[in-house]
Every structure is written in structure tokens, then in C-alpha cells.
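Colleague: Listed below are the residues making up each chain.
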Amino acid sequence: MVLASASSCKKFLDTKPSDFLAPETFYATDAQLISALAAVYDPLGWETMYGNNLFSNLTIATDESFWNRSAQTTGTQVYSFDYAHADVSGLWAACYTGIERANILIANINKPEMDETKRQDILGQALFLRGYYYFLLASNFGGAPLKLVPQPSVSDAQYINVPRSSVNDVYTQVLKDLTDAEGKLNSIVSNNNAEAISKTAVQGILARVCLTMAGSPVNDASKYAEALSWAKKVQSSGMHSLNTTYDASLTNSAYSQIFITALRDEYNLKESMWEIGFYGNRISDSYVEGGRVGNTVGLAFSPSVNSPDSIGYCYGFVNITKRQYLRYGNGDLRRDWAIAPFRYNNAAPFAKVNWTTSTIYNRNVGKWRRSYEKLTPKHKNYTPTNFQILRYADVLLMLAEAENEVNGPTSTAYDALNEVRRRAYGVSLTASNATADATLGMNKDAFRTFIQEERSRELCFEGLRKGDLIRWGLFVSRLNEIGNEIANDATNPSFKWGGLAGKNVTERDLLLPIPSTEMSVNKAITAADQNAGW
Amino acid sequence: MGQLLKKSKFMRKPVYSVFLSMIVTLFCITAKAQTVSGTVFDDTGSPLSSVTVLNKNSQSNTATGADGTYKISAAIGDSLVFTSIGYKRNGVKVTAATQNLVMQSEVGTLSDVVVVGYGTQRKGDVTVSIDKVNMTDLNKAPVRSFDEALAGRVAGVQVTSSTGQPGAGTDIVIRGNNSITQANSPLYIIDGFPVEGADNNLVNPNDIESIEVLKDASATAIYGSRGANGVIMITTKKGKEGPPVVQFNASYGVQQVTKIMEMMNPYDFVTQQIERDTTTSNTSSPTYIYLTQPGRSLDYYKTASTIDWQKKVLRTAPMQDYTLSLTGGSQNTKYAVSGNILSQDGIIINSNYGRYQGRVALDQNLGKKFRTGINANYAYTRQIGIAPSQSNNSATTNIMYSVWGYRPVEGSEGDILNSLFDEDVPGANDYRVNPVLNLNNLYRAQKIKNIYANAYLEYNIIPGLKFRTTGGITSYNRRSESFNNSNTQYGNIRQVNGVNGGIAFYERNTWINENILSYNKRLGNHNLGLTGVVSMQSSNNDGYGVSATLLPNESLGLNGLDEGTVQAPSATGSIWTMQSYVGRFNYNYKSLYYLTGSFRADGSSRFMQGHRWGYFPALSAAWRFYNEKFVKAMGLLSDGKLRIGYGQNGNNRVGDFDAYSTITLPINIAYPINNVPIRGAASSQIGNPELKWETTEEANIGLDLGFLNNKITVTAEVYRKNTRDLLLQADLPPSTGYGSAFKNIGSVRNEGLELTLNTKNINAKNFHWSTSFNIAFNRNKVIGLNEGQDEMLTSIRWDNIWQNIPAYIARVGQPIGLMYGFISDGVYQLNDFNEDGNGKFTLKDEITTNGNSRANIKPGDIKYMDQNGDKVVNSADYTVIGNGIPKHQGGLNNNFTYKNFDLNIFFQWSYGNDVLNVNRLVFEGNATNKTFLNQFASYNDRWSMDNQQSNNFRTGGYFGGGYSSRYVEDASYLRLKTISFGYNLPNTLLAKAKIKAARVFFAGQNLLTWTKYSGMDPEVNTYTSALTPGFDWSAYPRAKTFTFGVNLTL
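Which chain is which? The protein sequence lines are R and B, in order. When you line the first sequence up against the numbering used here, it's residues 111 to 644, in that order. When you line the second sequence up against the numbering used here, it's residues 219 to 1268, in that order.
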């Protein structure tokens, strides 16, 4: 035994893991690459991102809406938080988890023998996702550590302590990854789904990135032309159009149908160009891919017993501002869908109770109404509804905005804008309509202002408003204004506290702070490197 | 030895044997057999019962009675052999009709034998810090497992039972926490078999022959990479030469809760509810619910009957324990067989614990040179009942939340006693349920089957040189079952999972082979001992589990799992191996100067090549100055030894493959495309190929003194240990893409002083009194943390709202695990405000806020100290608010015997440690702000305009933001841990029943506790870890136990 143990010593201590795979041997087949790609997408669905916070806590307090809980006196929802807040570190960590996963996939992309088109499509998606995570970092945090290869070590200081790159350098990388991806990806038609990123969706996101760069704080005005060019590429692809039909048994407008389609787990590939996929509701099977679309931001329904499947539980965390309500003109079908015109009674028989014109601030966001979900039994907190990140309506409005900045309020700008407005009024997209169409003859500034309002009418609560206000340089002043407006609104005295977020906002809120989880361990980011005011 | 060999040669010659037998025969004829009698005493001078007395010549035997006396038929010149468990075998030649004898105990004095790693030593020769647990005292009151009675027995061994749940483990820490994020529990060596994280319930305390605690590094370095947290060596009983001895121990006890919390009565409850919510209009307002029914005025509740939920949930619970054992043997064959049945009901309804255990130990001589033996133990244990303290998510799911918080009076609707819900409580975010119904229906079971078996073969090569090879296996199987029917908190109609259940299996198989070569040689005044060991060990484990929700047929129980929505199964598997080489020498000169050195090399599969082998040296020396002529001449001492030691040892408590990078496909990583989820493969852990042992260096100085013929013995030890290269789950910058990785980083220092005093106070003919006392001081300090980090915050997920709020801090230069939060400053008083004449109060500008906005703060609100002077209390004002580690702790044990009576009184204490009493956060002011939640009666005293002296904030006067010193309480305590009173039945009575000895006893455990702590029990730690000591949330209440029992020897 002594001899045996001495001779076999080396082998004896070489145990082989049986519960996981080694990175060295993985990525050997195309199926394993696809699996690795799913992991790159995965963080987008976390609650720290589009699972909740990016359309809820982190972005909801704007001139459109406020957090509907008087007890919420601290937190990201009311811009009273510090760099230790979990919403902040959660977003940061989710981005970098996605980036690391993308880096690993990109580094191993050539390992398996496989169909080259398929490989390029996977690579394109991974590049896009890395670029998109960096876009979220740049637009939310400013400059950030740039990492383009898999984490090589846990102890080598140069890979642990990575300094912030400048915000411009991060954006440069975003554009590089996204344009690389654009050349490799399949079309949405061949994908035949909205969850995988497609060529036109990348073009749309590129338009969004370029507009963001053209505005504050980067202020690179040359990017308007690029944004215009990307938006036009989407337009000219012929693959996208606004939805103009609806199921009359469910609703009364084509606009509302877009959201109902998502709630019913269906696609509208013409209009909804990229969606974060959610699946199941955590009780239908063992996946945990249900999200919270419709559950936190939506039409409140919170009975004490299990909520009836006909309606579905919702916290109704977000109410709308009077300003948002007043933005809509008569006949604009979007208003009473985006803003819930009624509430549910929480006691049986759970009747709908209509709001009156004196109860504006009481109204919840109405875009995502869980009563349309098909998957039953409904979970209290999780829904299968996809989150729509990019709609064609957004592309048209970006096109109009960029055209106006580059060439002024041309007919191209007007056409794109009016297309969106005509759909909103339920009239033909191609024929002029006096009620629906934007006032003719606006100058460049007036047109810009109109677009700014139109974007809110069309895209409210979809997680875009905060970014829009920031790039237009309006964020702080507008929120302070709204804060006072709500707090001083004599017609609706019981919602005075709703102005808290607006009153709290200062210049520092243009960016989130670099989270304490990073600051405490990354020695290359010191207190002096923290964003201003944090 | 040489003489013995000569003798046997002599014996072998037939002519001499014949001659000898003739003489013997002659002698037998001539020497008249007569009755020899006498009394057997133990080394304290007390009469010793149940000692087996064997006449080797006639093979007749008897045992001593309760008064220590015996009578046996023997002739002058016969050899009598006296044996008793726990005492050294003793033989005498009969020289007179009265033969008195003192049996030397195997424990308690400097001359005892102690088990050290890979061998035994005389205590007097030990150069390191080893404590032997007095098993006689430990077994005075029947306990389920030895660790339940270990607290306070050994200086420097901190024993905390986290809760009072039957079968729950204890947390044992020797000489302070070394490790910050990893386990600090000692290594257990059970009959030579090393076990990390042993389940002590699997060993019957009655089967334990001895427990040794190896405390300092020079003692534990022999266990190398696993010795840094100290070593507890458990040796079970072996057969002893002599006639069969049957022992039967039986006890029956009842357990009762040590303390219940005083809750608000109906009147106080309703008053407070109305104060909390003054609205009257809606149907869910307290006024509507309690005061609108006919005949229901506030006065009605002064006489309304109280529903005492604590009384309904807590009960007097029986405990029974039976052990039957048979020991005996001849010179060549020795055996010990025993069995145990234990059944313990928990003091919370529908919780209990059971054990069925059996053991066989067999030793056989094979000729002159070989010896072999086997020792096998089987145990089946079953734990039923939910752990009340751990939250899934919301604190409202904890058992005690419902017990304390449930409405104490009938309301306007529903049958509060028989309905699962309080219909007035909104169920969406409050999972409160009728605790009686819930507990009676919840099913949680843990069933464990464990076998350990080891065998040895010993070969005496030449005198002094011995080879021993051992092989052992353990097989541990655990089955965990849970079932939530529709009458439970987790399976009721409001729960999205519906009726649900799950079952999980875990299996661990371990084997070890050890080969020990030892050599002992005496050369004149020089004594030398050498030991060499080669050891191999391997362990693999697998776990599988399945669960299902929305079960359509709850009557089928777990068998209906297949009918529900099946959840993702769990499947895990792992393996580790270890190979070790050990060498040790012991040398002493004239039993005066001692030197011991050891060296161990460990190779572990948990680390990558190049970092796999660790080397652990130790050196210790002792001067037994008592044996110096000049000391003896002084006549002051009866023993004296100075010890000094230094050693290095390690800690390898990381996962088996934590050094590796991994790719996994867990169910929670996926992305749906086309509404079909695609499983994601992600790098879930980034490896650290540099990972290696955590190293602890310790220096120890000890002094052992004996006075007055060892009537007084004193041991004092001082030590300092530094742990470096901590195996730390170190935070990484999230920009790496990972939250943390294992690194060897940081260091911790522990230093302390331990004192042990044993005295024999009175040693009169009929009355004996002896005392032992120990006290230990340990100071713990973080020397370094992760690079760039000077503090590490830990939050506790007892409730989802609190999951990100730091509760503890580890900071460089301070002890691990300090409590962290605001310093409480009472409540805001009227003079903190400006009043505008209309009753509107505005906080003065110079007064700090409490985190709430200035305009919203009212008189009577909770108030904190502003630490940074900005007049705003927020997370920047967190500071250290408490320390969960005691300044000192210890025990005081007294043994009295008077004639046939014996009495043992044992006190145990802990001084200077704080507990974070989160129960008060919820039940003394309702900080979680829940509707219709009953409160502790202590909250009847709360601030109001009429009661401005109160230090409790007003109803609704809490504002969130963090823990505060308000909830930190001094949890020092002194506990009357054990009283045992026994009576040995007189021999005259027993002789008729053919019983050799019988003792009946009464014992009490945890009878009295003196403490200022306001919660149920100061010994509590519901979230056990080095970083989070002393956290009290919804702990299983502790029981006091009254036991009657009998010990019979047949």
C-alpha cells in the first residue's frame, strides 16, 4: 500500500470535475456556440436590466411619470441614492457579465468546424451585444473600463484594476462593434423572430447611438448625419412598417395592438424590430425567463388573495404626470392606451372604475395590461411578455429628428413624423390629415420641440425618455420644473409627494455613479475618477 | 518486554509447567478459599460503584456496589483484576481478607493518557496544548450529542448552538475565528478518521470513551492542511478484558421553553392598531374591524379573551434515550457492542428528532505479534420540522413572525382559530398564516443513514517497533423531503406554486488508508519516540433532487410529485483526494526535558499542480520542572511543567474545484428565441490556478501546576496565532465580469489567555467535593483584507427589504464581524422642534434628521446620532454598534458525593458579547410596517404626548435606513447548564435482583439563565458565520430539560 500510494501519487491527486465543463474543451460544436450566445443575451433579461429596472426604477421618473408610492422617499426612483445602491451596481454588473460572456464567445468563435454563414451570424450577434452593453454603460455611467478579451486572471493587477476609458473611446468601440455586427447579421425576415438581433435592428440601434452621441454630453454634431443615414437604411430596407391593423375583439386601435401582440406572446416583425425575449412565468415550467413587463409598471391590481387569472397581479408602481396626459390632442388614440383610463377594484367582482378628468395623477401607466396575457395560471410577479426595445415608430421619429438637424424640417422629416401621427389617429398613413398631421411650416427649432413632444406621445414609458431628455440637455431643468408642477398642483393635492423625484434631481443625475462594488476593489478607479457630484 | 519473553520461553517447557501446576493444585488444596472484601475508591477518594472484580484464578467475578464495596471468594495469593470504564485496569494479589483499592481515572490528572494524533501519550509527557474532556461530567445529564454539553467544559472552545431545534448543529470555534468567509469549524477525528463538518448526532455520547481537543498549532500541525481550526478527537469505547458486562442506561425527560415573550393583550393590541391607522371610513380600517360590530367598544377588549399563540405552538415535549451495551473479552478477544434509541420531540409542535444507532468494536490478538480489530457504527437519524429562522425571501414567512404577530383576539370576520388566514391582513406581501394550522401541516424531513467502519492490523515487528495499517470507510446518505399542502404557508391557495413538494438525495462516500510505523526506545535517561505515517483519503459526493409545483392531488403527498409541474431537477457531483506524509519525534531526558517535533506534507486535489503540496512543521518543548530535585525539595508542588510550542497548519476549506474555471449550463441562464428558451452556457466561475492553503502560525506557552498532591491543578496558556493567505471569497471588480473568486488574501490574528483550575476541596470519608473551573479570553483582529479593501460589509437576507442593508462589518484593525448601523439617540422630543402655535411642529435646523425628510419628522420619531455633522442621517452615518464575540467565557463545575448520593452542578457563561435582536425591530414598534401585527408587550410603553418619557418611538415613528444600536443588546449570560442528582442503590437491595450496580438520577439542563438580554435566549445565532455572529431573528426557542433516568450494570 505504501509503495502503491507513493507511485500513484501524482495520478491520485488529479481529480476530474464531473459537474461542469472546462472552458478549454467547450466551444467545440456549433450547438455549443449557440448555447454560449444565449448566455450573452441572458443578462438583458435580468431584473437589473430589461427584466425590470431599465423600464422601471432607473428610468421612470421623468416628465412623463413618477413613482406611485408616497413611502418611497429614497431610492433610484426618486433620485435619492448613493453609489452603493443595488440598482446601480446591478446594472453595471449585468453589463460586464454580458461583455465577459461576449468576449469569451468571440475569442472561441473559430473553434468549431461549422457553416461559415452561421458562424458569422453568431459572431455578429455577439459583437452587437458587446457593443450594446457598452452603449448602456456609456449612456448611463459615461466612461467605463474597456475590456475586449476574456478576463485572463484573478490575481494579475493589470487585469483587475482597469481604469475608466473616456466616454468617447467607449462610444468609438460601440460604433465599431455595431457596424462590424451590421455586416454579418441575418435579416429579420430570415430570422423570423424579434428576439435575435437582425441587420435592420442593428441599423436602428446605430441610429439611436448616433443621436445619443450627437447630443449631450458628447455633443458630436457630425453624428446627426450618421444617425440619419442609419435610419434611412432601415426605411429603405422595405422590411419594416408601422402596424395599422388590430383585432377588434381585443382593442380599438392599431397603436394598442402593438403592445397587445407582445402581451399575447406574438410578434409584429414589421414594427417591433428588436425585443428582449421573456418566456414562461416561472410556474409554467422550470425556466426562470419570465420578466416583469406589466407587473411593476402597469395597471394596478393587487387583491389580497391570489389575483384572478382574468386580470393578473400588478403593483402599479408608476403613475403618469398631468403634463403627459395633456400632451395628447383630441382624437389621439394613444392617450387612453398609454395612460390607463380606469383602475380595478381590488375586491370581488374586481370591477373597472373609470377615472374622471379631476383624477389625472391617479392614473397608472396603461401600456402593458396583464389581462391580455394568454399563459395561465398567471404568476403574481412574472410575465412572459417581451420588452420591445426598438419599434419602427422610433426609427421614423429618429429619422425625422436627424433630418431636421441636418437639413431642417424638410418633407422627409415631415413625412416620417406624420406617418407616426396618422397611425396614432387611426387614419391612412399615406394621406394628409388635418387633425393628425403636424403643423406645417415649423422652423427648425419648433420642429425639434415638436419631435421632442411627439417622441413622448409615441414612446412614453418605454425606457427612452430619460435618455432623450439628457441628450437634449433638458433633463435637469425639465425634471425640476415637473417636480414643482406636481408639488404645487392644487387640483390634485393628494399627489404632492409625486414631485419628489423632480425636486431631487441635480446635475449629477445626468450620469449614474460608478458603483461602490467597483470602486472598493478596482484600484485604478479612485474617488477622483468618480462622476461629478457623486 | 525481554523478561516477558524469557518467562514465556520458560513456561513453554513442559517439565516446568507440570511442576507449576502441581504447586498451584497443592496451593489450592491447602490454601482455604475465603471471602475477600474491600472498598474501591476513585482517585478523588470517592467510593466507586460498578467496578468489575475478577478472580483470575477461579474466574469468578462480581462488581462493586454503590458504596464501592465488593465481596468475592478468593484465596490468599489469588490475582484480582479490577476494571471499570473510564479507569485504568488494576490488578492486585490477595494478601489479606480486606483488599481496598484506588482506581486511577483515565481523565482528570496530569498522569493520564491522552490521545494525540497518530498515537497516545501520557499527559505528563505532552508538550502541546491538548485538553481532555471529562466524559463523566459531560454525561451527567443525558444529551443527544456530545457537543450539546460541551459548552464551558474546555477553555478556549466556544460552542454556540444556533437555535434550539432538535438535531440542529452547534457551532464550535476553537481559539477564535481564523477564516473570514470560509468555515471555522474544527476537524473531527473519529476513531482516527478525519471528518470535516461532522454531524455529531451520528455518534451516541454513551459510546464515547474520550474526547481530546487539540488547540494549538504545535498539536494540530500533525493534521496539517486541515488542522488550523483545531482538532476534536473522538475515541469510542473498546472491549475490555473481563466477564461480559451489560449496561443499560435509560432516561426520560421533558423539555419546556426557557422563556416566552410577553405579547400585547387584546385591548393593547386594538388600541395600538387604531393608533397606527386612524382612518375609519374604509372597511379595512382597524376601527371598522374592531369597533363597528355590535357590542364591540374599546372597553370590550379589556375583558376579551386572549388567544395565546405561543401557548398553542409551544409545548412540553418528551425526550427518551435508551442505550444497551455489552462489553467484555478475554486476553485475546475483546468486544464492545451497543445500541441506542433516542426520541426527542421538539418544543414547537410537529417537530421531532429520532436516532437509531448501533455499534460493534472487536479486537483480536493473532498470535504474539499481530493484532487486528474492527469498529463499525451505523446510525439512522430523522429530523422532522421546519427551521424557523431562515427566510426564503420575506421575513413574514418565518415561523415566529406568525406566532408572535398573529392577532391575539377574534375579529369581525372569519374563524381566526381554524382558518389559515387572518382575512384582515392583505396577503400579497405578508405571508402570515395561522401558525398552528401551518405547523401541523408543513412537512419537512431529513433522514440520514450513516455507516462508518474501520479496521486495523497491528504488527509488533521487534520490541518497540510497531506497524499499524488502518482502513476505513464512511457512507453518508441523506434524504431531504418537503411537502406543502394547501393548509400551509407555502402551498395554500394564495401561493402561485399551489400544493408543492420536493425530495433530494445526497450521498457521500469516503475512504481512508493510513499506515503508521512507530518506534519507542529508552536508552538510560533518554526516551525517544518516532512515528511515521503515510495516508491517503478520498471522498466523493453526489446529490440529486426533484421538485414539483401545482400538484393536483395533495392527498398523495410526495408520491404525487409526478402529477404536478415538474421543476428542473438538481444534480451535483464532486470528488476530492488527499495524500499525506507525516513524521514526528518525541524525546525526553529523565522526564525532565521534552522536545517534540512533527512535520506533515499534504497533497490535495483541491489545488492545481504546483500549489498542491503544503508543508506543516511544528516544534514544541517542555520542562517538567517538578522532576527537578530542587523543586521537589521545596515541597510546594506536586506537579509542574512549562510548555512552549510553535507550529504551522492550514485550512483547505474551499470547494473541490474552486481553483478551476467552469462552464455551466444552469437553468437560470437562457434566452428565448421564437418563444423557445435556449439554454445558455456561461463561464460561471473564474478559476484561480494559484490557489493554495491558508496558513496559520501559532505560538503557545503553557504552564501546568499541581499542588497538595494534585488536589489543586492549574493550567494556564497564552497563545498568538496569525492566519495568512486566507482562502477568501474575494470580491472582484464587477468590470471583470465576475463578482468574486477565491484568492489567498488577507490575514487575521487571534490571541488569548486560557486558565483551567481543578480542585478537590473536601475528601472526607462520606463526603467529597471537587471543582473545576475554566475561563478563556480571545482577541480577534483583521490584519488585512482583499487588496485595496479596508472593510467588508455583510448584509443578512432575513427579509427582502433588508437584503442590501449592511448588518456587519469586518474592518482592518478590528475584530471580524462587528455589528454595523446607526447609533440610536432615543426619540425626538418636543424641544427638538419649533411649534407654530397651531400644533404644527417643525424640526429645528440644528437638529439632525433620521433619514426622513425634515418636514416629515414628528415628535416621538426614532432618532439617530449624526456622525459626520451634516445634520442628515444616511448611510454615511453608519458606524460600529456592537460586537458578537464574547470577551471571555467559561464554565464552573462542582461534583459532590455524600454516601450513596452524588450531585453535579455546572455553570457556563459568556461575557461581553452582543446580539442584534431583530425580533424587536419587528415586534417592538413594527419597523416592517405591517398591518394588524401584534407587538411585544414592551411596546405598550411608547412615546406619545402623554408619555414623553418613553424611549420607544411613537406608533409609526420608525423610519427605514439601517440597523441601529437600539436593537443591539448585551447578551452576556450565566447559565445553570446542568444539575444532576443521583442515588446509587445499596448492594443489599441489588444482590437479590442479581444486579451489580444501579444508579437512579434526576438531571436538569438549561434550568436557569441570568442575562439582561430581552429576547428568548441570549445563546443564539440564526445566521451562523464568522462575519455575522449574534443575529437573532425568529430562532427556534431553547428548551430546559428535566430528565429522570437509571444506569444499570448487570
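No wet-lab data here; the hints were simulated from the structure. None of these values were measured; they are calculated from a predicted model. Where is the CB? At the ideal position from N, CA and C, for every residue including glycine. Keep in mind that a hint or two might mislead.
Stated by the list, open to error - Computed Cβ-Cβ distance ranges for the label pairs, DEER-style:
hint : chain 1 : residue 1 : chain 2 : residue 2 : range
1    : R       : L258      : B       : G791      : 29 to 39 Å
2    : R       : L436      : B       : F1059     : 35 to 45 Å
3    : R       : Q640      : B       : G1031     : 22 to 32 Å
Colleague: Against each hint, give a clear statement of whether it holds in the structure.
Modeller: Hint check results:
1. L258(R) to G791(B): 29 to 39 Å: holds (36 Å)
2. L436(R) to F1059(B): 35 to 45 Å: holds (37 Å)
3. Q640(R) to G1031(B): 22 to 32 Å: Given about 25 Å between the Cβ atoms, the range holds.
This entry satisfies every hint, going by the numbered hints stated previously.
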